[in-house]
Amino acid sequence: MNLDSLPLGPLERALLASLRRLEPSAEPLVLASAALLCAALEQGDVCLPLARLAGQRPWPEHDFTLPPLGEWREGLEASSLVGMPGDFVPLILTGERLYLARYEAYERQLAAQLLARAGDRPAVDETRLSESLTRLFAFNASSQAGQRPDWQRLAAAQAVRRRLAVISGGPGTGKTTTVVRLLAALLEQRGGHPQDAGLAIGLAAPTGKAAARMAEAIRGAKAALPVEQAIKDALPEEARTLHRLLGSRGDTPAVRHHAGNPLALDVLVVDEASMVDLALMAKLVDALPPSARLILLGDKDQLCAVEAGAVFAELCEGRGFDAAAAAELERLTGQAVAVEPPSSALGDAVVLLTHSHRFAGDSGIGELARRINGGDVAGTRQLLQEGRPDLAWNAQPTPQDLLERLDQGYGPYLAAARVGEPAAAFAAFNAFRALCAQREGAWGVAGINEALEARIKRRVQVAGRERWYVGRPVMVRQNDYALGLFNGDIGLCLQTDHGLRVFFESEDGYRPFAPARLPSHDSAFAMTVHKSQGSEFAEVLLALPEQPSPLLTRSLFYTGITRAKRKVEIWALAPRLAEAVATRAERAAGLAERLAAVPARQAPGPASASTQLGLFD
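Heads up: the sequence shown at position 226 corresponds to 226 in full-length UniProt numbering, and the numbers run straight through without jumps.
Hints should not be assumed to be uniformly reliable.
Said to hold, decoys possible - Per label pair, the in silico range of CB-to-CB distance:
hint : residue 1 : residue 2 : range
1    : Gly260    : His498    : 47 to 55 Å
2    : His498    : Ala424    : 15 to 23 Å
3    : Pro412    : Ala223    : 28 to 36 Å
4    : Asp522    : Pro389    : 28 to 36 Å
5    : Gly260    : Pro24     : 34 to 42 Å
6    : Gly334    : Met84     : 43 to 51 Å
7    : Gln461    : His498    : 19 to 27 Å
8    : Gly379    : Pro7      : 35 to 43 Å
Stated by the list, open to error - No more than 30 Å apart at the CA atoms, straight line, and that leaves these computed lysine-lysine pairs for DSS-like:
hint : residue 1 : residue 2
9    : Lys565    : Lys222
10   : Lys232    : Lys222
11   : Lys457    : Lys567
Source of the hints: derived by calculation from the structure; they are not laboratory data.
Here the structure is a predicted model, which means the values were calculated and not measured.
The C-beta atom is built at its ideal place from N, Cα and C for all residues, glycine as well.
Could you build all of it, start to finish, from the sequences and the hints given here?
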């Protein structure tokens, strides 16, 4: 087999070159497996699932066929480049999964540390906790009559009583409200003197934009808490990105904080945890002291991380309450929960918030989200054809029609931008947003932004070569801590007495920047669904590509439509709509299996050894 004739990318070829230097006589099957593993990592998988690919032709344009599973495993086991977990070799084979050594160590280490943390119960004054929960969640009892049990209260109870809490919920289910109240309950455990007790609480998120939103939401939510002022003062008001929290070191995977130099925190709350990849989550848990509480917030149905892994979704698998846990919760909170023995060792550390305050019971968007998550293709199509006021479906879209609709949709914003008042411009811009599944093509971000900008420039008589004009929206592509601008931040170009300035929202109003000062950025009339995570807009237009695409998945569709508060328009051919609902994104990984298979109270394993080997550097 001539590997040089295969359609490999630069990363695959670089990996094969490294393996050949280590083992010049390496078998083509082993090298081909490594190339497939590298490609799988680029697609978000953590490992190569041998059983899924055995006997197939991985490169359709070539006649190379992978052997049957047993023969494939034997070929890998015979190679000096492949070993078992813990071996100092580049490739690790465990069961029917092939890993790069670093990712197998990340997954194994993360599973062991999560299990150890989940099995450790801190001392809690349950009488004080019960009183705190009753007072802090009293509003829920009056506003959610008939909504039983109160999952927000249950989530808070579990988070205070455990070192690990995983709280998942869709838009509007009150994740931030829940975490503010549970932090207040945790502080009240300190006897009313949280500052003297020195409880260190950290807030973090994967991106600067998400961290800023989290801090803003917590500052707003804590003002209404029925607690002493000392408790409010002890609640944090600032959030950091995970990379900044860990102390990332430029272009290297090394971080300043790890097991040998842990974070000085007693509690860490991570928002938008569904966006955290395996490597980053492993480093985060490794850097957190064993005695600290870790609270992960996210939406298990949303798009997962761009990098390898779907950690948050895997943590939510196998959740449930056995009879003992259900009895404990009912005694503590007065809330009865159904007994459903968990299949994961994390089990009752995971709580799902189900009541949406954003989407009412008769909401078309809420019902559409449920049908998408259920994989109900026929039900989704039927719902979109009912003429609901908050749903629209254009089943015969054309690029020209789309351009006309976007020009109309952004008309109020462009009018507000010409006035030059930042608050009005941002309000108008957030009233309508175009989202796309992909970047390239006529139905992608790049094509839509280019076509719409050309149309706007012609109308206002701006030269085509001019980059800046009144109303140009931009999205920052990289963090700039000196300017306080972060990847995903949106800026609007407006006219001022000093010329064109790009305004960004901040805690204190709106910050203007000269266009030349901005870090790397793109125009942002349209943005990808990935980039929209955590945002919300009054109306959303979601454009799906004309051709089949691996990006069209249930999680992408769900994430896109739930960015809308009032109305969502879907521009998609019927086959693409069906593919998006029917296709469940599955990333090859073994974390959920490791969490299910290992007893909950198992020790964390040889953490120091993996650190010494540089697996977390």
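Status of each hint after checking the structure:
no.: 1; hint: Gly260 with His498: 47 to 55 Å; verdict: 50 Å, holds
no.: 2; hint: His498 with Ala424: 15 to 23 Å; verdict: 19 Å, holds
no.: 3; hint: Pro412 with Ala223: 28 to 36 Å; verdict: 32 Å, holds
no.: 4; hint: Asp522 with Pro389: 28 to 36 Å; verdict: 33 Å, holds
no.: 5; hint: Gly260 with Pro24: 34 to 42 Å; verdict: 37 Å, holds
no.: 6; hint: Gly334 with Met84: 43 to 51 Å; verdict: 50 Å, holds
no.: 7; hint: Gln461 with His498: 19 to 27 Å; verdict: 22 Å, holds
no.: 8; hint: Gly379 with Pro7: 35 to 43 Å; verdict: 40 Å, holds
no.: 9; hint: Lys565 with Lys222; verdict: 24 Å, holds
no.: 10; hint: Lys232 with Lys222; verdict: 6 Å, holds
no.: 11; hint: Lys457 with Lys567; verdict: 28 Å, holds
Going through the hint list in order, the structure satisfies each hint without exception.
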